[in-house]
Amino acid sequence: MAPTNNDDERPNANEKVLHVWSKPIAEGDQVPGPQVPAKNPDGTPRESRSAFSEAVSMIKKEDFANVANTPCARQGLLTGIGAGAGLGGLKFVIQGNAAKSANWAVGFFMLGSIASYEYCQYRRRAEKIQMKRHIEVVTQNRKEQARKLAEERREQLRIEEEQKARNRAWYKFW
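Note that full-length UniProt numbering has the sequence shown beginning at 1, numbered continuously upward.
To be clear, the hints were calculated from the coordinates, so they are not data collected in a lab.
With a straight-line cut-off of 27 Å between C-alpha atoms, the simulated DSSO-like cross-links for lysine-lysine are:
#	residue 1	residue 2
1	K148	K132
2	K148	K164
3	K132	K143
4	K143	K128
Since the model is a prediction, treat every value here as computed from it, not as a measurement.
Model the full structure from these sequences, guided by the hints.
What follows is the structure, given as structure tokens:
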């Protein structure tokens, strides 16, 4: 397919267009890549949205119900609550302004929660790497022990065969 001569002409907003050619795609044709429905679930036309709004739209109510099952979430939230309450209270005692103290408390809650959560995740990743290394070492040691045991068995069989050969009579009866 060759591009059309009128490159200045913009396609209709309702038409699907390939990036390389300016010929619209028929409705039955499939475009490779992720398919985005033309309309939202509520029936309104879908507009191009930013990555942030797409990420927010993927959050479900069940995600908030399962926060306690997320690794490190409990520790992060408790650390954030402690940091926010402690530093927000300290700010209130020093300055005496409740609104600013609440803002500081929320800020330190967020900062403390995120920092604690990320540190916990870092420790989990490090522990996972260390566990993999330990498993590799144990597996390697077991293979080495199995190889040594097999060598000992072969040596034992060879010694037994030599003893049988020595104990055999040098003469033979018909």
